[in-house]
Amino acid sequence: MDIELGPEDLAFREDVHEFFAENAYQAGEDYNVWRLEWFKKAAEKGGWDVPKWSKEFGGPGWTPTQHYIWEQETASATLPWDMPFGIGMVAPIIMAHGNEEQQKRFLPDIRARKVNWCQGYSEPGAGSDLAALKTKAVLSEDGTHYTVNGTKIWTTMAQIADWIFCLTRTDDSGIKQEGITFLLFPMKQEGIEVKPIITLGGAHSVNMVYFTDVSVPVENRIGEEGKGWTYAKGLLQHERTGLAGISRSIVALEKLKEQASSVKRGNGSLMDEPSFRAKVAELEIDLMASEYTELRSLASASAGSAPGPESSILKLKGTEIQQRIAKLTVEAGGIYSAAWGRGVGHKFAKAGMGGYLASRAFTIYGGASEVQKDVIAKNVLGLKRSTT
Amino acid sequence: MNFELTNEQQMLQDSVARFIHDNYDLESRAKSAASKSGFSQDHWQTMADLGWLGLGFDEADGGFGGGHVDIMLLMEQFGKGLVLEPLLASVILGGGALKRGACAELKTEILPGLIDGSRQLALAYAEEQAHFDLHDVITTARSKDDGFIINGHKSMVLHAGTADQIVVSARTSGGQIDENGISLFLIDADAEGVKRENFPTVDGLQACEITLKDVIVGSNRLLGELDHGFAILNSVATDAILALSAEAVGAMEILYKDTVEYTQQREQFDHPLADFQVLQHRMVEMFMEYEQCKSLLYRATMEAAQGSATTQRTAHALKHLVGKAGIFIAENAVQLHGGMGMTEELRIGHYLKRMIVIDAQFGNADYHLQKFAA
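Chain order of the listed sequences is S and H. Under the working numbering, the first residue of the first sequence is numbered 1, with each subsequent residue one higher. Under the working numbering, the first residue of the second sequence is numbered 1001, with each subsequent residue one higher.
Rather than coming from a laboratory, the hints here were simulated on the basis of the structure. Source: prediction; values computed, not measured. Where is the CB? At the ideal position from N, CA and C, for every residue including glycine. Treat the hints with care, since some could be wrong.
Covered, in the sense of this in silico footprint (three residues per stretch, anywhere, with C-beta under 8 Å from a C-beta of chain S), are these stretches of chain H [said to hold, decoys possible]:
| hint | region |
| --- | --- |
| 1 | 1037-1048 |
| 2 | 1180-1193 |
| 3 | 1203-1211 |
| 4 | 1219-1228 |
| 5 | 1364-1372 |
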């Protein structure tokens, strides 16, 4: 066992740190110009604009340790705004299961951030039980195109998306995980309607998406018909580890300490209150453990083995920690956390409440915590699925 | 030993429940919240006409002589509807300070209008540096001629934007955190030097930041004795804790019952969600927490009604439990409703927001645990 970073890793960290500092956004700059320029420069570093892509597709081909360092550094730097759906979600599936023509057709635009993607998975009747999805895709008799009908829900940023990657049902004769087909199609076309869903903070990021006789050329199908579930499942696991956000939480906890220190209590601050301090300490201890859980998970991936049992708890622990930090921020804001529409009192309080409300979704999306625990019970502990 | 309601109390409970049921669907509530005053003037008048605004006042003061139990029953039903009207701010806070501190003349001037709904009060007690301590007061009142001049800043004043008069706590002697030396004054909301900045709160209500600059108030507007306002303030705060806790208990009932109903309807993995044991146990925990809060609410309310010496300590216990359990129940209600619980369209999330605000008002769970343990 050895946790010391080698000289190469240390040099890499220095390099990343420098890159972020040199290319940081300067006040007054045109944001969009800066954003695209940033990605261009990151690409010149050897695929830093697509850190998770493999070398074969122009990614940096980092070791797990380098990924960890990157993640750590990004948590405290300001990176350009980026949506995960193209780069992080559909691209890996196209790389793994798409044909060469599809790879040539879609990957360059994704990498250039030219096309916004959204994810058409959940449906009103298929949430935690995603495989129960019913959106129907029927292949034409001449085999040239599918006709898609159905409804998707919780589709993040569908209102600005150019394309959707979508799980559809092409066969319902077998078990529900079979007969699911992975299709890509443009959002701006006849037969697609997007209806906003307003969430607790009043924000509009998720939507209902209705498909009425949407025509999708068969060339837009990824892989084989009926195998879509297998393709998507691999990605879900990937998505779940990414949702843990341990590095971000470490930075967030430091920020919480600063905020609580700015709240006066008597001669000291809220951070001097034993009960508040104890809650922050408990969080910090959980984070210290989670950080190493993540490292162990990376190390086993680095050794080329399948993710170990430790990786399965990362999404659960990580999202729970994010929620606890958000809740303590609201607590630190005191009565000012109730102020809405403008900041009153403690400067952080308004954002704190918004963050808290949004955080309640963390244990719901990407596999609700209850479902995650079922998966661990079955796959890790080897327990039989309970009758209900 | 008897937890049965009297006929009058039962009638009150039924009549409030009916009002909420008939008027307080989510859509109407949103409409009222978006109006200029932030609540429905019609509902406010109805509440006055039904005598609810006079429940906490003695008959000698023009009230209907109801007690703590009546207020509890009223507020519990209000909690079920997430009522927007400023009964807490005007009657329990502002009116509570008046009934305890005002001289007979001032009561005659103010209370009839308060009870018939034509006059609205607010209570400005909080200051930014004070966190939850009522006795941490920087705002000053300097004696001058036959009155006082008030200077300072009051924060998060519930429903001050629509109030006609505001009760203000100000320091007339002593240091920043001394309980002695705090005095209460009744000022006109539109008096010269009073600047109100109104804003919505996350739960759909409204509050103000108030700046007081050389505000002149006559000595006949002093509530209670000079320098001895803290005792009044503290006793008003205990009433507020009882009222808010009753409201929270009403909200908890909606949250756990809605969740039980939803999980029976929603099917995933070929079963209603309610079939899954892990969710059943969670709902049992929500239900247990609700019942425990209700018990402690009854205990605190009875003690207050009897004027028991332990009332304040029990109120600390109550506010702690309600804050903790209320958020536990609301967060789990959202979790068990899944994505739907995160939407503005369903009422669950609105109850979560109210629960968070209730915890932050008059001291959160942590604060009262410390007070209780002290």
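Hint check:
no.: 1; hint: 1037-1048; in the structure: violated (count 0)
no.: 2; hint: 1180-1193; in the structure: violated (count 0)
no.: 3; hint: 1203-1211; in the structure: holds (count 3)
no.: 4; hint: 1219-1228; in the structure: violated (count 0)
no.: 5; hint: 1364-1372; in the structure: holds (count 4)
Violated hints, in rising order: 1, 2 and 4; the structure is consistent with all others.
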